[in-house]
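Following the working numbering from start to finish, the sequence shown increments by one per residue and tops out at 98.
Heads up, some of the hints might be wrong.
[What the hints assert, rightly or not] Within a straight-line C-alpha distance of at most 25 Å, the following computed DSS-like cross-link-like pairs (lysine-lysine) qualify:
| id | residue 1 | residue 2 |
| --- | --- | --- |
| 1 | Lys19 | Lys57 |
| 2 | Lys27 | Lys43 |
| 3 | Lys43 | Lys19 |
| 4 | Lys40 | Lys19 |
| 5 | Lys57 | Lys43 |
| 6 | Lys34 | Lys57 |
| 7 | Lys57 | Lys40 |
| 8 | Lys57 | Lys27 |
| 9 | Lys40 | Lys27 |
Calculated directly from the structure, the hints in this document are not laboratory data.
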Amino acid sequence: MVALAMERFNGTPGRAVAQGVKLGRPKIDSATERKVRRRLAKGMGILKVAKSLGIGTGTVQRISKGRAMSLRGAVFLLHSAAASAVALVYAAWLQGCADHQRLPRA
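Please model the entire structure based on the sequences and the hints provided.
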């Protein structure tokens, strides 16, 4: 009995996909996404954008974070480059101290 139920349950998604049924949430169209980005850029709040376009606040937040993530990625790269430069300068300073037998005290 349990095996039959498991077989039916596990076979359902594969059969639905084979029949051409799309699973998951419907995608938001690109025109609406552009409207969301434009309104957020103008300074409109997430709740007002969602209400004015008839979409959920989670959708607006996801679109908003998509833009912020790329900015965050750029900041991370700049931070990494600056950290690498500092590490190189520190390594050169340590090498200079070692060459002159003047190691800093801990």
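(message) Please list, smallest to largest, the hint numbers that this structure does not respect.
(response) none
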